[in-house]
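Here is what each chain is made of, one letter per residue.
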Amino acid sequence: MTSVVLADDEPLVRAGVRAILTTDPAIRVVAEAGDGHQAVELVYRYRPDVALLDIRMPRLDGLSAAEQIVQAGAGTAVVLLTTFGEDTYIQRALSAGASGFLLKTGDPRELLVAVHSVAEGAAFLSPRVAARVIAALNADRLGRAADARERVQALSGREREVLALLGAGLTNAEIGQRLFLVEGTVKAYVSAALARLGVRNRVQAAVLAFQAGLVDGDSGVPPP
Amino acid sequence: MRRWLSDLLRWLLLGLAVVAVAVRRRTAAPLASAAVVMVLAVLDAAFAVALAYLSYGAGRSRDEPRSAMGVLAGGLVGAAVLYGVVARDGYAWLVATVVVLLAGALLWAFGRLVSDRQELAMAGWRRASDLEREQQVVAVQARLLERSRIARDLHDSLGHELSLIALRAGALELAPALAPEGLRAARALREDVAVAVERLRAAVEMLREEPAAMAPVHEPVPDLVERARASGLDVDLRMRGRPVALEPAADLALHRVVQEALTNAVKHAPGARVTVVLEHSRERVDVRVSNPLTPRPGDDPVGRGLLGLRERLRLVGGALHAQRRDGCYVVEASVPVRPPAREGGQAASGLPAGGTGTSQAHAAARRRVRSGLLLAVGTLCAAVVVATAFWVAKTHDATLDRPTYDRIAVGDTREELADLLPEREATRGWSGALPAAAAASLQCSFYTDGNYPGAFASYRLCFSDGVLVSKDDVRS
Chain A
814 MTSVVLADDE PLVRAGVRAI LTTDPAIRVV AEAGDGHQAV ELVYRYRPDV ALLDIRMPRL
874 DGLSAAEQIV QAGAGTAVVL LTTFGEDTYI QRALSAGASG FLLKTGDPRE LLVAVHSVAE
934 GAAFLSPRVA ARVIAALNAD RLGRAADARE RVQALSGRER EVLALLGAGL TNAEIGQRLF
994 LVEGTVKAYV SAALARLGVR NRVQAAVLAF QAGLVDGDSG VPPP
Chain B
4 MRRWLSDLLR WLLLGLAVVA VAVRRRTAAP LASAAVVMVL AVLDAAFAVA LAYLSYGAGR
64 SRDEPRSAMG VLAGGLVGAA VLYGVVARDG YAWLVATVVV LLAGALLWAF GRLVSDRQEL
124 AMAGWRRASD LEREQQVVAV QARLLERSRI ARDLHDSLGH ELSLIALRAG ALELAPALAP
184 EGLRAARALR EDVAVAVERL RAAVEMLREE PAAMAPVHEP VPDLVERARA SGLDVDLRMR
244 GRPVALEPAA DLALHRVVQE ALTNAVKHAP GARVTVVLEH SRERVDVRVS NPLTPRPGDD
304 PVGRGLLGLR ERLRLVGGAL HAQRRDGCYV VEASVPVRPP AREGGQAASG LPAGGTGTSQ
364 AHAAARRRVR SGLLLAVGTL CAAVVVATAF WVAKTHDATL DRPTYDRIAV GDTREELADL
424 LPEREATRGW SGALPAAAAA SLQCSFYTDG NYPGAFASYR LCFSDGVLVS KDDVRS
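Going down the list, the protein sequences come from chains A and B. Just so we're aligned, residue 814 is where the first sequence starts under this note's numbering, counting upward by one. Just so we're aligned, residue 4 is where the second sequence starts under this note's numbering, counting upward by one.
Some hints here could point you the wrong way.
[Claimed, not checked] Quick look at which bits of chain B chain A covers, simulated, 3 or more residues with Cβ under 8 Å:
1) 220-227
2) 242-253
3) 415-427
[As the list claims (entries may be wrong)] In silico negatives: residues of chain B with every beta carbon more than 12 Å from chain A:
4) Val101
5) Ala108
6) Arg120
7) Trp128
8) His158
9) Arg211
10) Arg230
11) Gly274
12) Thr278
13) Asp289
14) Pro339
15) Asp400
16) Ala401
[What the hints assert, rightly or not] Stretch by stretch, here's where chain B covers chain A in the computed footprint (C-beta under 8 Å, at least three residues):
17) 816-828
18) 832-843
19) 866-873
20) 918-924
21) 990-1002
No lab work stands behind these hints, which were simulated from the structure alone. Glycine is no exception: its CB is placed at the ideal position from the N, C-alpha and C atoms.
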């Protein structure tokens, strides 16, 4: 039996969600809350397996309630159930530690599966939400890669070679050996590269090299 | 009589003739015409009238000062040459030239002055018109912005209502008692609603200016106030009357007013205590948000946010007022419980009809100047008419002209002179009172020669026992 605490400021919405949940005999709604404050209190009192929260609620909103519930660490999994799956909502929910994000317009069976999944420790995102998360991740990564590549373009060919090896974790001496340079020359190249990239130290330069794609297999630089 | 009249007429005719010719040229080469006339004016004083007019015109037309100097110099040289040719008395020439130059230069400068003042006034009017237009643009912008906010709020609200429908359809999808077609129908219904909600989400995101809202869609005003209090604002809420349900648009409008007023209070009077009074009655819901003002110079009493909100209130049949009162800033809004019947095609409130305030004021000012000018000219004409009427009255049957005066001889009797002498005698002399008689025992009569406009006594005829003893010209 999976216990659920349900929170939404509109009684009709709570009734609708409850109607869906009660079609599953393995799910039991133990308490209902009308705002985020009450939701946290009820979760604290009843220690349910799952807390199903709306986002836009009076007194305390669902995302802040989610943070509090997760931080309390009592093992209640949090699922957000909302009308609009806005990017900001999704990001805040996931970084707050929510295990699930669903839309009210989604397939009711998904809601039931979600409740069971998160109760077992897995995560569940409704397909539309998942698509937005993937898109955001890709955009993020792609954006960063493009930015890094542009900055690395500013380096001379030699500096780029040195940077690639630096990104792979080689010391100045090792880089010198690889490229048949004296260590002092390597140091000079490294300093010039750091200055031109506008980074403070080797570590930041290495991160940039990695993001720009200088350090994976297809750049032609064999790992040490 | 005729001499004076003929002098006056000659002046006017000559001046008018020159002006008529010169006006055609004035706009093309005002300084050149002024120069020509200046030379001619040295020859005949009648041209001085035309010169004055042309110089003034040249000054008004805003020619460069340097060319004016050149023209004056040329005029002086021309005058000198002409006089050398005509060989007049040197002193008279000097006086004439100096006077003409003064008339020319002085009036040109006066024309310049008038032109400058006119430019300044025009610039002032243009600026006022620009400022007014700017203000209107700002007002229109604020209204449009508020409309897009209304659209956003309505999409938001609709999305929430539709998601409830989706939930109900979802519950139906799982209902065991439903036939397969019913289940399929419920599913199709839910999926269609899901698509609609997705579109509404995109619209809301597009219309949004601030980050995603965390407060409920239909947040009641007390909850809004509570939220503000929770974030540190010192706010006091007073409710009067039993809460009535409002249409969503009106409800949202009131909510937005309170939100904007609270935000303004935080911005412009931080730390002050804000009072919110919410009053429900059967016909209306009124809200008043007031806070004491910190003295700050030149704050715009109705900020842009409230400007747009006025539009929102207007659209739901309500009203919004914001003003400083007793050292507090008070925002009052009111909405009717029943929305008023809309007249067909209620257009967006645009620019005021009948011209802007500045253009109206400008037209009024121009009318004032014109009527002032007319008044001056009219007064002048009236003065001329009155003087002429006076002169006519005084000289009718009372004028003794020069030839007749010459024919009168000492020794003539009154009877002989009865036909020659006018019926009426003059009553005033040139210096005010009539001159004295030639001798104490004589009876003297005074006659005017028709001088304009005073018809003063010019001739004195003194009789002794009906015989003319002396005839004198008493014009001093």
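Hint check:
1. 220-227: holds (count 3)
2. 242-253: With 0 residues close enough to chain A, the hint is violated.
3. 415-427: violated (count 0)
4. Val101: Consistent with the label, valine 101 (chain B) stays out of reach of chain A, its closest Cβ about 80 Å off (over 12 Å).
5. Ala108: 71 Å, holds
6. Arg120: 61 Å, holds
7. Trp128: 51 Å, holds
8. His158: 10 Å, violated
9. Arg211: 9 Å, violated
10. Arg230: Given a closest Cβ separation of 8 Å, the condition is violated.
11. Gly274: Given that every Cβ of chain A is farther than 12 Å from that of glycine 274 (chain B), nearest at about 25 Å, it holds.
12. Thr278: 22 Å, holds
13. Asp289: 23 Å, holds
14. Pro339: Answer for proline 339 (chain B): holds, closest chain A Cβ roughly 26 Å.
15. Asp400: 106 Å, holds
16. Ala401: Since the minimum Cβ distance to chain A is about 105 Å, alanine 401 (chain B) lies beyond 12 Å and the statement holds.
17. 816-828: As far as the stretch 816-828 of chain A goes, the hint holds, because 4 residues have Cβ atoms under 8 Å from chain B.
18. 832-843: Our answer is that it holds, as 3 residues pass the Cβ test (under 8 Å) against chain B, meeting three.
19. 866-873: Coverage by chain B holds for the stretch 866-873 of chain A (5 residues, Cβ < 8 Å).
20. 918-924: holds (count 6)
21. 990-1002: It is violated: at least three residues are needed, and the stretch 990-1002 of chain A offers just 0 whose Cβ sits closer than 8 Å to chain B.
Comparing the model with each earlier hint shows violations of hints 2, 3, 8, 9, 10 and 21; every other hint is respected.
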